[in-house]
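Here the protein sequences come in this chain order: A and B.
Here numbering that gives the first Met the number 0 is used: the first residue of the first sequence is 0, the next is one more, and so on.
Here numbering that gives the first Met the number 0 is used: the first residue of the second sequence is 0, the next is one more, and so on.
Quick caveat, the hints were computed from the structure, so don't treat them as lab data.
Don't take each hint at face value.
Below are the DSSO-like pairs computed for lysine-lysine, each with C-alpha atoms no more than 27 Å apart in a straight line [to be verified]:
#1 A:K167 to B:K39
#2 B:K209 to A:K167
#3 A:K167 to B:K40
#4 B:K39 to A:K116
#5 A:K116 to B:K40
#6 B:K215 to B:K40
#7 B:K39 to B:K183
#8 B:K183 to A:K174
#9 B:K209 to B:K39
#10 B:K209 to B:K40
Just so you have them, the derived chain B footprint on chain A, three or more residues with Cβ under 8 Å [said to hold, decoys possible]:
#11 47-59
#12 91-100
#13 129-141
#14 167-181
#15 220-229
Cβ coordinates follow ideal geometry from the N, Cα and C atoms, glycine included.
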Amino acid sequence: MIDVARIDHWAASGSGPLHRASALSKVIFLVLIVTASVMTRNPYPLAAGYGVLLLLVASARLPWFRVVALSLYSAVFALLYGLSLRGGGQAYALLILKAITPALAMLTLIVSTPYPKLFGLLSTVLPELLSAGLFMTYRTLFILLDMMDNFAVSIRLRGGFSPGSIYKNGSNISKGIAMLLVRAVERASRLYAVMAVRGYHGSMARADADGFRRDDWLPLGTGIIVLTLVLVWR
Amino acid sequence: MTHMHIPDGILPVWLWFSGLFLMGLALSLSLVSLRSMDAKKKIPLLGAVSAVMLVAMSLEVLPIAYHINLSVVAGILLGPALGFLSAFITNLILALMGHGGITVVGLNTLLLGSETVLGHFLFSLMGQRLPVFWRGAVVTALTLLSTTLLLIGIVSVSHIDVEAVLHGHEQGLHAQVSSDPAIKTFAIVMLSLGSIGWLIEAAITGAVVKFVSQVKPELLKHRLHDLPGPPVP
Chain A
0 MIDVARIDHW AASGSGPLHR ASALSKVIFL VLIVTASVMT RNPYPLAAGY
50 GVLLLLVASA RLPWFRVVAL SLYSAVFALL YGLSLRGGGQ AYALLILKAI
100 TPALAMLTLI VSTPYPKLFG LLSTVLPELL SAGLFMTYRT LFILLDMMDN
150 FAVSIRLRGG FSPGSIYKNG SNISKGIAML LVRAVERASR LYAVMAVRGY
200 HGSMARADAD GFRRDDWLPL GTGIIVLTLV LVWR
Chain B
0 MTHMHIPDGI LPVWLWFSGL FLMGLALSLS LVSLRSMDAK KKIPLLGAVS
50 AVMLVAMSLE VLPIAYHINL SVVAGILLGP ALGFLSAFIT NLILALMGHG
100 GITVVGLNTL LLGSETVLGH FLFSLMGQRL PVFWRGAVVT ALTLLSTTLL
150 LIGIVSVSHI DVEAVLHGHE QGLHAQVSSD PAIKTFAIVM LSLGSIGWLI
200 EAAITGAVVK FVSQVKPELL KHRLHDLPGP PVP
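Let the hints inform the model, and build the full structure from the sequences given.
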């Protein structure tokens, strides 16, 4: 479902123009794309907008193929919702484009923005407890993903999975989840204690507090183009 | 089950805006009620439980496309206020990963948050009447039934407006929408396939709560609202 580790690697290791743009400009870009998606009732300008986003992702040296594939994930749910509406082909196209266009913008934001910058920006609008909770969740998620790999291997090695035995498998998986939960609480408590010793008190340091930058024209310009397309092409 | 994978721009603006407003209100109330809590206890626990919820949501039961939420576990361990914050954090991170729209975060948080709140209160109300496994399982089944009905209500309201949106376009999208049968179909699918999911989630929640009560019982004591005690000499 979520390839968090890979997304984190792309965000931290890239050096393209979108990586150099400020987090603030990319959040504004996302707001512009979501606004365009909410406003439109016509699939064609949104299809053109998706094309513009594709060009942006490819030209900014992002892993465009993977990012596009991840954005298409949301199309599955949009299609299911569309089927419940019993609409025509154009209605399905509109629903799918309304799903994948903001998803692509969102993925463009997170694969080009390291999480401290993103959470730092969020912490300026969110209460301290929420931003600290977000940060702890994100860090603990990586610890858990590692533990999940080890858990899956060890349960197989010890014969924990028996094909056809739903009760045994279910029982083992439930115990595994419970064990993950208990260990996650222990690891998170230790992580928080270490951070507190190093001076953390609930707020994130903002690395990009300097506001807009020269490279911001790219996300801001793209967002304005897509919104203009939707407003003009009615 | 009670998490909408509906993307941005599909639900009517008034609906998702109301969702965001109500979510903001509930978050504010939760934050006010949490002011006296000990940060050293609550933040790691909040992070750990939210992260486990995210991991659990990636474990999909393939034949019925169901993923477990562990929202009732979150409610039991965190309490109603912190559980609601956990629901918000989980939904925000899911939206940041492109899993559901950003405008739907409000409604999704209300749905998932109501599971944590209801789960917590039902679990507390049951006292010691049943063994801990069955308490967790029964509470989960009841909670998921209630929130699935809430989800069906939200989708039924949204369908009316989507029809208007599709027909309201100047060229017409000609969607042969018939809201009542579509909602009935949706409700039947949710309640029939969903009930299988509730049983799976109920069994897993019961097992998780039982394991926690045996291995780390202090997590179930709901003493998070206590102020940090005086330093021990």
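Results of checking the hints against the structure:
1. A:K167 to B:K39: Distance ~37 Å between A:K167 and B:K39 Cα, so the pair is violated.
2. B:K209 to A:K167: Holds: B:K209 and A:K167 sit about 16 Å apart, inside 27 Å.
3. A:K167 to B:K40: 34 Å, violated
4. B:K39 to A:K116: Given pair B:K39, A:K116 holds - Cα atoms ~24 Å apart, limit 27 Å.
5. A:K116 to B:K40: 26 Å, holds
6. B:K215 to B:K40: 14 Å, holds
7. B:K39 to B:K183: Violated: B:K39 and B:K183 sit about 48 Å apart, past 27 Å.
8. B:K183 to A:K174: 37 Å, violated
9. B:K209 to B:K39: 25 Å, holds
10. B:K209 to B:K40: 22 Å, holds
11. 47-59: The restraint on the segment 47-59 of chain A is violated, since only 0 of its residues have a Cβ under 8 Å from chain B and three are required.
12. 91-100: holds (count 5)
13. 129-141: Holds: 11 residues of the segment 129-141 of chain A have a Cβ under 8 Å from chain B.
14. 167-181: Check passed, 11 qualifying residues.
15. 220-229: violated (count 0)
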